[in-house]
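> Chain by chain, the residues run as shown.
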Amino acid sequence: MDLKYPDEAQKFAEEVREFARAELPAAIKDKVIRHAKMSPDAQIYWQRKLCERGWACPGWPKQYGGPGFTPLQRHVFDNVMSEEGAPPAVPFGESMIAPVLFHVGSEAQKKELLPRIRTLEYWFCQGFSEPGAGSDLASLKTRAVRDGDEWVINGQKTWTSYAQFANMMFCLVRTDPDAKQQEGISMMVFPMSLPGITVRPIITMDGGHSVNETFFDNVRVPASSLIGEVNKGWTYAKLLLGHERTSIARIGQSKRELRMLKTLAADQGTGGASLLDKPAFRTKVAELEMELLALEITALRVLAQEGSPGVEANLLKIKGSEIQQTLTELLIDAVGPYALPFDPNRGVGLGNMDYIGPDEAAALGPTYLSTRVVTIYGGSNEIQRNIIAKSLGL
Amino acid sequence: MDFVATDTQAMLRDTADRLVRDRYDFEERKKIVASEDGFSRKLWKELAELGLLGIEIPEEQGGSGGSFADVAVVLESFGKGLVVEPYLSTVVLGAGLIAAAGWEAQKHDILPKVASGDMLLALAYTEAHSRYALNHVATKARKDGAGYVIDGHKAVVLGADTADKLIVSARTSGEVGDATGISLFLVDPKAEGVSMRVYPNLDDRRAAEVTFDGVKVEASALVGAEGDGLRPLEAAIDRGAAAVGCEALGAMGALNALTLDYLKTRMQFGRPIGKFQVLQHRMADMVMAEQQARSMLFLAIEQADAKDPAARAQAISAAKAQIDACGQVVGRGAIQLQGGIAMTMEYIAGHFFRRLTALEKMMGDRDYHLERFAI
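Top line first, the protein sequences correspond to chains W and A. Here the first sequence stands for residues 0 to 393, where the numbers follow numbering that gives the first Met the number 0. Here the second sequence stands for residues 0 to 374, where the numbers follow numbering that gives the first Met the number 0.
Here chain W stands alone, though its shape is the one from the complex:
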């Protein structure tokens, strides 16, 4: 079942849907549905379309070039776009570093960075995790040492998403090794083209290349790269990760996949019978749909609240990620033996005659594998539950 938005929001939803259906190229939509790697060109193409329409960076206030959506409009926009298969925005600039810049960026930084983030002229990547600093991010070791008007950075970051496409990085570095862990960290922003930065691909078990290792060998960045105050980076990182957790629920995407699951399952039984007639399968789909419905209502409740979300943000991340995983499980279940053929390209670019099994099947196995990451990244679900427990006074 679908939730009914208030009339005004419903009208807006139709407007967004109409735009997506008219403007979204089929080839881009196909890649989104397959969770296939988007080329930077395609991503930039869509971002510029949104800029033209005035809808780029839907979470941004008007003064920085955003559409100035109400929270409900933002929700509707994200959901409808995802349901229609529009590419999710590259989050690193738009949804992660930009909100930090709103709060603590210098006027010069805002002026230089924000307009270019909006058009994706600047494609950011995130330099947070390190081989020894995963869930325990505050133990990071990459060093930045002041030298005149510059900082000199040495160390290594890992899980750098889309570093191969990025031309900018925001990075957490240790600027005071003697201070308490959280108090010796600073945040910096600099180009990826600086001498001494090397990017090495990490291929994931689905055969995809979305993450990388990034090495820093005496990388000299200007003093103006510092965001906010020195040694305050941890505070900014928490602010940034809070934003990541809200968008990470991916409710619209899950609604789209639920619809796909039902369509797919309708003829995947033996002899083309519907799997939805099988009580075991039908029940699993129903349970999933109810979880998703509850999550969307929770998200709407969070939007209706004043101020920034508390544990609800953690809830959205935990439940949203679990729902995404369950969906991929049910999707491979739906195609049965045709979940076995493995195509790391997820069937992109194959003609209809070349698919093995039903059209969508080629993407389902790799997506099942790659979606295991959603309960790990952005603060693992164990860490999220710890935060909830802590807020309960436990």
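Derived by calculation from the structure, the hints in this document are not laboratory data. Quick caveat, the model's predicted, so the values are computed rather than measured. We treat Cβ as the ideally placed atom computed from N, Cα and C, and that holds for glycine. It cannot be assumed that every hint is accurate.
Stated by the list, open to error - Simulated pairs of lysine-lysine, DSS-like, Cα-Cα distance not exceeding 30 angstroms: (1) A:29 to W:36; (2) A:112 to A:30; (3) W:277 to A:139; (4) A:274 to W:140; (5) W:318 to A:274; (6) W:318 to A:106; (7) A:263 to W:179; (8) A:106 to A:142; (9) A:274 to W:179; (10) A:30 to W:237; (11) A:263 to W:389; (12) A:274 to W:237; (13) A:30 to W:389.
To be verified - Pulled a few chain W residues facing chain A out of the computed Cβ check, cut under 8 angstroms: (14) 201; (15) 203; (16) 269; (17) 270; (18) 332; (19) 342; (20) 367; (21) 368; (22) 370; (23) 374; (24) 381.
Based on the hints, put chain A in the right spot on chain W.
Frame of chain W, contents of chain A only:
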């Protein structure tokens, strides 16, 4: 149920474990997977020399006349090593089916060559719309003089690309879903009218879509009696289900050991992450899953060759459904507990997860076996 390994089984375990340990490390396996055939013919020959290909084949046909329980031991080791050699398709399914249902001449022709490593087999039984139903056979074999002509399509045929002979289920009479009228044929994959589209499966083993377009076979290609192929096919796939259970158990054991080691050595927040209770409990669940899987495997092994098909089917389904669930508990848990590193292709944990996921989808998935058990 016999929980104690026989001397033969202990010896087989030793041999197979040693082979996996010495000859099948992660780097070596990568090379084997990337090679032209997608498996090592050299290693296959060694398996033959060690007697591992003919465990169940009678002595007079070059084997050692053992039981499925002996084969199970080897399969568990192969699960630990994520072996990609066509053991399941050739030894368990192919040779198992010929031994159970083939004519004497076929046994004499085929089984010694399997035991010596000179013949590979593949069983082509799944179709595009069959899902896991073995009676859903749309592929047709019509009488043509003394022989038959086969037309149709088989899906996700494990090991088809390197097989020397395919065993194909085809309908000689009746309608698509009928239990009778299904016949089994030996088909030369190089015969005119056979075409294949080959691809890797999720777990790095290869499979193919195989199309039969007016493929002519002699009357002697018929395995067992005409129209009576479903029973032996069901028996073969039940053995296959028990076999993938053995592999899954091997994979679970190795993966749990890996995860446990990680919990003890990975430091975060100034201590090994295994000190965190929430991770301890998940690890405990994973170890319990492995134990429950092992228990069900005893049942599957005991019943794999049972004479009563109904009792066999129920036992195999109970075991397969349970092992599938346990495999996902262990696999998903291993990825979650080891985090990002376990998502990568360059670390072995993800490969165990891929194997466990593939095994769940082979020989009937969990839902199929739940339903078959409940009937």
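> Would you mind marking each hint as holding or not holding in the structure?
Tested hints:
| no. | hint | in the structure |
| --- | --- | --- |
| 1 | A:29 to W:36 | 24 angstroms, holds |
| 2 | A:112 to A:30 | 27 angstroms, holds |
| 3 | W:277 to A:139 | 29 angstroms, holds |
| 4 | A:274 to W:140 | 23 angstroms, holds |
| 5 | W:318 to A:274 | 25 angstroms, holds |
| 6 | W:318 to A:106 | 56 angstroms, violated |
| 7 | A:263 to W:179 | 26 angstroms, holds |
| 8 | A:106 to A:142 | 24 angstroms, holds |
| 9 | A:274 to W:179 | 23 angstroms, holds |
| 10 | A:30 to W:237 | 44 angstroms, violated |
| 11 | A:263 to W:389 | 25 angstroms, holds |
| 12 | A:274 to W:237 | 25 angstroms, holds |
| 13 | A:30 to W:389 | 48 angstroms, violated |
| 14 | 201 | 6 angstroms, holds |
| 15 | 203 | 5 angstroms, holds |
| 16 | 269 | 4 angstroms, holds |
| 17 | 270 | 6 angstroms, holds |
| 18 | 332 | 6 angstroms, holds |
| 19 | 342 | 7 angstroms, holds |
| 20 | 367 | 7 angstroms, holds |
| 21 | 368 | 7 angstroms, holds |
| 22 | 370 | 10 angstroms, violated |
| 23 | 374 | 6 angstroms, holds |
| 24 | 381 | 5 angstroms, holds |
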